[in-house]
Structures are given as structure tokens and as C-alpha cells.
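Chemist: The hints should help you fit chain B onto chain A, whose structure is shown.
If you read the protein sequences in the order shown, they are chains A and B.
Okay, so the first sequence: first residue is 1 according to my numbering, each after it adds one.
Okay, so the second sequence: first residue is 1 according to my numbering, each after it adds one.
Careful: at least some of the hints might be erroneous.
[Stated by the list, open to error] List time: in silico SDA-like cross-link candidates among lysine to any residue, alpha-carbon distance up to 20 Å:
1. B:148 x A:87
2. B:233 x A:107
3. B:148 x A:85
4. B:148 x A:84
5. B:148 x A:88
6. B:534 x B:494
7. B:233 x A:105
Calculated from the structure, these hints are not laboratory results.
Spelled out from the first residue to the last, the chains are:
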Amino acid sequence: MIASQAVRTAPVRRTAQPRPHHTTRAHRAPAHRTHRSTWELRTFVAVSGAIACVFVLAMLYLVQSTAISTLGYEAQRLEQVRDELRRQNALLEVENARLDSPARIDTEAKKLGLVRVATIRVVQLEPITAKR
Amino acid sequence: MTEAVSPRRLRGLFVAFACATLVLSLRVGYWQTIARGDLLEGATGQVRSDLVLAAQRGVVRDRSGALLATTVPLRSLYAIPKRIGDVAARANAAAKIAPILGTTSDAVTAALDSGAEWLYLRRRLPEESARAIEVLAIPGLGFETEPKRLYPNDALGAHVLGFVNDDGLGQYGIEGQYDAMLRGVPGRLVVERDPRDRELAIGLRTAQAPVNGADLTLTLDVVIQTSVERWLKDAMDKEKATSGSIVVLDPKDGAVLALASYPTYDPSAVAKADPQALMDRAVSWTYEPGSTMKAITIAAAIDQKVVTPNTTYVDRGCAVIGGRTLCNALGKSYGTSTVTQILEHSANAGAVFVASKLGAEQLHSYLGAFGFGRRSGIDLAAEAAGEVRPLAEWYPVDLGTIAFGQGVAVSPLQLASAYAALANGGTLYRPYVVAARRDADGEHRTAPVVLGRPVSAYTAATLRTMLISTVDNGIANGATVPHFSVAGKTGTAQIPSDDGRYIDDAYISSFAGFAPANDPRFVVVIVLERPQSKLLGTVTAMSTFRNIAQDALRSMRVQPDRP
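Extracted from the complex, chain A is given alone in its bound form (with noise of 0.2 Å):
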């Protein structure tokens, strides 16, 4: 803000006072004053924005790092996730199993009082096909 100030002002000044034709030691000081003053304002200013820039670069760098990290542990939370579901999966499948062996299921079986057939009959399907 006062940078910009600063830059603003120094040409008014220059074109509100002409410069005098004879200068005197004590008339030109003023003068000389005004010119380091304007190179001290540039420096200044060129500074400031340097750091200003080298603050932005920083912070950025700094938002980038933070999120790329929180998106690192949020992508850790997402595989523990994806682990225990897994896991879960895996168990299911198990008990699936499980639940699917003949062994469980004769035994299940046998407590609601079923039997085995004696005897399975088996329809000869080649003749039929052969009809058709």
C-alpha cells in the first residue's frame, strides 16, 4: 500500500516543479535527496514484492504439502477401510462355506426328521430327445 503510494506520488512531484536552470550547492541537495529517494522507494518496493512472492511461493508450497498429507492419511483411513472389508468379505465367504457343506446340511437334516431316499430314479433323457 505505501509502495504504491509512493509511485504515485514521485511523478507529480517531478512535473509540479520544474528544474532550475542555475542550481546552487544548497538548491541541488534537495534534488539528489529525491533521486535516492526514488531508487531507495524502487529497492524497497522490488524487495517487497520478492518477499511478498517468495510468501505466496511458501504458502502454496505449504497448502500443497497439507493437503497432499491429508489426502495421504485420508487415503490411509480409505485402505484400512478397503482392509476390513476384506477381511469381512473374506470371513463371509468362509461362513458361506460353511454353511454350504454337505456335512452341515445332512446333520441339519437329520434334526427336522428327514430320511435318505432308497432309491433315486433316473429318466433315460436320449429317447425322449431322440421323439422331438
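Modeler: Structure of chain B alone, referenced to chain A:
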């Protein structure tokens, strides 16, 4: 106004600063060069973790895809006693979790008060127990996952599957035989962590992914295996036998459809198992086969064309060979009999007659051709070779005794392979258990391996007819299956003792057969050691065959070949 500092003081101050700077520079230089490694090590050690990424052990399935063995991470319960609280809090926590763990609160309290800073209270908990403890939300208790091999069918196929010990190594069965393949190759992860032990997204990260173990598909049929184990246990309970085993082979390629041994064990609880139960008696145990061997002797004689099924001899109950008299069981004599009737009556004297026609050299040669006396090469650990003594060590009487299955030792698996050769037209296949393995490169199927052709197709067909007659008209009538043709032969063998004699009144009863006999789908060998019904143990073996055959034929949807 300040007083001007004297130059002398300034110089002194400069020297002091210069010395301090020099010392500090040297120190910094030392840490940056000579001691750099220590510093780096200390720093990285605080944030870096080097983890071994365990490979997932392969899954084992039966021929239809039913799950037989898999590895699941189960939760292990650990405790940090100091975080639980004072003595009263620990006792309270112990009282809450003890019933869930199935132990006493005193035992849990003793563990918590042992002085350990960190300890496992129970490893690899069942999921229901872990959830119940998690709900209690007791501070100082936590979980970490550890892989556990699970067998959903409990003890089913235990001797084929084997088990995995606490170190993650496969033992016995295919878990032992294919351990390297199932285990895979562990990976490695080097990563930097924050103070909360979370991985840093930006930082060192070197990962080498683990290579998971191959999945195996077995030749076992879970339905037939269940039937086999059910009827074997039934026979064992009925006969109070010392041990028993059953092998079911597919005669078309030697695939093992079912294999059971009794006593058995639960692969998930091996620590509780009787060490004797770990032995796979179908593969690792040998016995004198007795009369089931007569079919092999007669097959050899027919193949050599020294006899035909209709060749006759006069059975006087005993036969003399090598100066020794060998008699039929129970002293029976059958008069003029055919070779087919030797099988129907299971006549020892008839077997001696056939062997005499064949000769010792030929019989020895055919025993080898049928795979006796050497390992079949099945892909299961600890296969027994059996024993067929070198021909030079045979006494003249051995020709007669070996003809009816005494003086040789075979495993049930070898006998099943030999009968499979008779069933399939004369080809001896190597029995195998793993039908396919699936890894990162895709599926690799096992090709059947032909070990030899011990007899011609004609001989095999002739023997099939003779063995059908043995079941239909002879001693093996108990193995008849309604509406199906069955071929088979019983066997009753004496048990040799350590002093070379036979133990009185102790037998091994067996039955070997296949069905449907005209187009065999499976071969079954049943062996019962020391049945309480002694010589009648074969009756139980035959009824066991019949029950298994009925279940298998039903499961395979085989059309009846008889009215």
C-alpha cells in the same frame, strides 16, 4: 552517553568469539562428516519403519469350487495393563472379558498383573468374540490382526489338506507338499511415519509388493469326500477297528475324488490332535492286502495267456508249493473250479494254482508293472513305497503266498491305482490331487500322467467281467448296488508281528471295487484294521462300499446300467 570500548577489550572479545566460532565450526564439521551416519541413522530411525508385507496364502478349493482352505486375518486381543487402570480396574476388566474368552477371570487377572507392559490375552479370536470385546470399549485393550488358516468344512479332507502351523508353514497333505507355492513371496515397505504412527504421504516410500500364493483346485469332490468320511466313521464305530482308510479314484485319469483316514483330526486344532491321527493311512501306511491281490495275480496270468477265465483245476482245499501247504480260508474245498470261481470263492489254493502256472519271475514283473513296491508319485507328502522283495529273495513258497496277497506290503492308494488300471482298460495312471493352480500367470491344469500299461485292454475287460461275477455270484455279493453293475473283490489278511509270524485272530479287512462296472466312474478301496468282527470285517467293508457307491453315483448323476 556510552563510554567508548577500548580496542584491547574489543580484540579480546574478537578472539573469544573467534575461538568459540572455531570450536563450534569444528563440532559442526565433525557431526556433518565423521558422525554423519550416526545422526542420519538416529533421525531416520525415529520416523522410518521397515515393514514386511505378508503374502496372502493361496486358497484351496475342491473340483467344483467349494472352499476347502483359506487364510483370513483374525483379530488378536492385546492388553497394556497400565492403561487399564489400578488393580480394581484390571480385575473388573478381567471379569468382563473372561466369559467371552472362555476362561476364568482369575486367569485373565493373573495375566494382567504379571508385570508385563504389553501382552497378548488371546490370539486369533473368533470374530464374534472380538466384536463382543470391542463393544466393551475397555481402555488398555486393543486388537491387531494376524492371519489364520481356516477350514470351513472342519475335519473334512484333513489328510489331503494337511494344516498350517503357528509359524505359517504348511505341514502334511497339500499344505506341506505345495507350501512354497501356496505361501507366495512376502513384500517390503519402507516408509516414514508421523508421531501417531501414520504413514507420511510426502516422504521416503519404497515398496516392493508381495507376490500372493497360488490358489489350488483339487480333484477332491466335497460331496463324495463327505460321504466317504461319513461311512468310514460309521464302519469304524461298528467294527471298533484300530484304524481305517478309504481311497476313491477316477479310473480315467487317476484323479483322487476322495481320500479319508481314521483316526482323523481337525486341521484348525492340530494341537489337540492325537499324533497317530496325523498319519494318512491311505498313502503313508502299508499292509498285506490279502485276497484283493488275487485279481492282480489272475490278471497277470490271463495277460500271459497261461490261463483263461474258464480254465479248470481241482480244488482240494489246500495246495502244496515249495514244500509248504497253503489252504483256503476256513478249510473249505470247492472241487473242480474255474479261474473265475477262484475269485468268486476267494480260494487261496486256486490262486496258488494260477501262480504256479505264471511263475515267480512273471508275477514279480507284473507286481512292479501294477505299481507295487514303489511310490506312485502322488502329490502328497510322505507316500509309502510298500514292499515287494527282490525276486532273488523269494523263497519257493512266496510265489504261492504272494499270489493271494501275503508277503507283500501295499498302500491302499497303490491298490486303488492297480484296480483303476483294470477298470480303465489296462492303463496305470499316477494318482494326483491338485487339478489346477492359479497364479499371476493364469491357470495351469495338471495333465494326467501314464505310468504304464500293465495289462492289455482284453485282459482288463476279462478281469472286469470276472470281478462282476465275484460281486453278482460270489463272496463279494454284499457290495451289490441296485440297478448298477459292480466289480470288486474282498480281502482278509493276517497281520505280521515283529518276529515274522502272524498275529493270532487279528485281521485287516478290505474291499476293492468299481462301478458302474461296464463304464467305471470310480474305484473305491476300503481298508479296516483289526475289525472286531474279525473274518467278517469284509462284510462291513462291502456295505461301506455299497453306501459310498450309491452316494457317488447319485452325486455324479450316473444312469443305471441294469434294470
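Chemist: Take the hints in turn and mark each one as holding or not.
Modeler: Status of each hint after checking the structure:
1. B:148 x A:87: 11 Å, holds
2. B:233 x A:107: 15 Å, holds
3. B:148 x A:85: Status holds; Cα separation ~17 Å.
4. B:148 x A:84: 15 Å, holds
5. B:148 x A:88: 14 Å, holds
6. B:534 x B:494: 10 Å, holds
7. B:233 x A:105: The given pair, whose Cα atoms are some 17 Å apart, holds under the 20 Å limit.
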